[in-house]
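Asks: Here are the chains, one letter per residue:
Protein chains: 2
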Amino acid sequence: MNWKEENNSLYKSFSFKDFAEAFAFMKRVAVLAEEAQHHPTWKNTYNKVEIWLQTHDEGNIVTEKDKALAQAIDALL
Amino acid sequence: MNWKEENNSLYKSFSFKDFAEAFAFMKRVAVLAEEAQHHPTWKNTYNKVEIWLQTHDEGNIVTEKDKALAQAIDALL
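Just so you know, the protein sequences line up as chains A and B, in that order.
Per the working numbering, residue 261 is the first one in the first sequence, and the count goes up by one each step.
Per the working numbering, residue 261 is the first one in the second sequence, and the count goes up by one each step.
The shape of chain A in the complex, shown without the other chains:
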């Protein structure tokens, strides 16, 4: 699945084997977010992780920061 641009956000849903695998992914994304000082809105239920990216400082729109973080997140998989 690719990132979808909707409601001024980049959105993607990820599914894993179980919670442990999903949260391991979240820990790796957290490192990327801190490095970029650009953080997602994300939601997790057991093996599913949903991520929304937008740039708050630019008025909650999608910017290059979001596209770069989306690429970096995809590169984890």
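Don't read these hints as lab results, they were simulated from the structure.
Model, not experiment: these values are computed from the prediction.
A hint or two may mislead.
In silico DSS-like pairs for lysine-lysine, Cα to Cα no more than 27 Å straight-line [claimed, not checked]:
(1) Lys287(B) <-> Lys272(A)
(2) Lys325(A) <-> Lys327(B)
(3) Lys272(B) <-> Lys303(A)
(4) Lys327(B) <-> Lys308(B)
(5) Lys287(A) <-> Lys327(A)
(6) Lys325(A) <-> Lys303(B)
(7) Lys303(B) <-> Lys325(B)
(8) Lys327(A) <-> Lys308(B)
(9) Lys325(B) <-> Lys287(B)
(10) Lys277(B) <-> Lys287(A)
Knowing the structure of chain A, use the given hints to seat chain B on it.
Replies: Same frame as chain A, now just chain B:
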């Protein structure tokens, strides 16, 4: 703030200094969830963490499992 029971879930919102502190909290909750084999639905944006607890196996209602996890989460703070 206490846990609120709404829409067949226990709900609570937590605020932290920044993303790093919020995610450190999430890592500790993840350990509790795995130990209990009982996992939240939760959502994070920067320093804010929202948690919903319900028992999927019992038909998505609030059970003692949820109340026990809520207590254990509160004990982290």
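Asks: Evaluate each hint against the coordinates.
Replies: Here is what the structure says about each hint:
With a C-alpha separation of about 22 Å, the suggested pairing of Lys287(B) with Lys272(A) holds against the 27 Å cut-off. A threshold of 27 Å between alpha carbons decides the hint, and for Lys325(A) with Lys327(B) the separation of about 40 Å lies outside it, so the pair is violated. A distance of roughly 15 Å separates the Cα atoms of Lys272(B) and Lys303(A); the hinted pair therefore holds under the 27 Å criterion. The straight-line distance between the Cα atoms of Lys327(B) and Lys308(B) is roughly 21 Å, inside the 27 Å bound, and the hint therefore holds.
Between Lys287(A) and Lys327(A) the alpha-carbon distance is near 20 Å, which keeps this suggested pair within the 27 Å criterion. For a cut-off of 27 Å, the pair hint linking Lys325(A) to Lys303(B) stands: about 21 Å separates their Cα positions. Taking the CA atoms of Lys303(B) and Lys325(B), the gap is near 20 Å; set against the 27 Å cutoff, the hint holds. Between the alpha carbons of Lys327(A) and Lys308(B) the distance comes to roughly 23 Å, so the proposed pair stays at or under 27 Å and holds.
Among the hinted pairs, Lys325(B) with Lys287(B) is consistent with the structure: their alpha-carbon atoms are about 19 Å apart, no more than 27 Å. The straight-line distance between the Cα atoms of Lys277(B) and Lys287(A) is roughly 19 Å, inside the 27 Å bound, and the hint therefore holds.
In terms of the numbered hints stated before, the structure departs from hint 2 and from no other.
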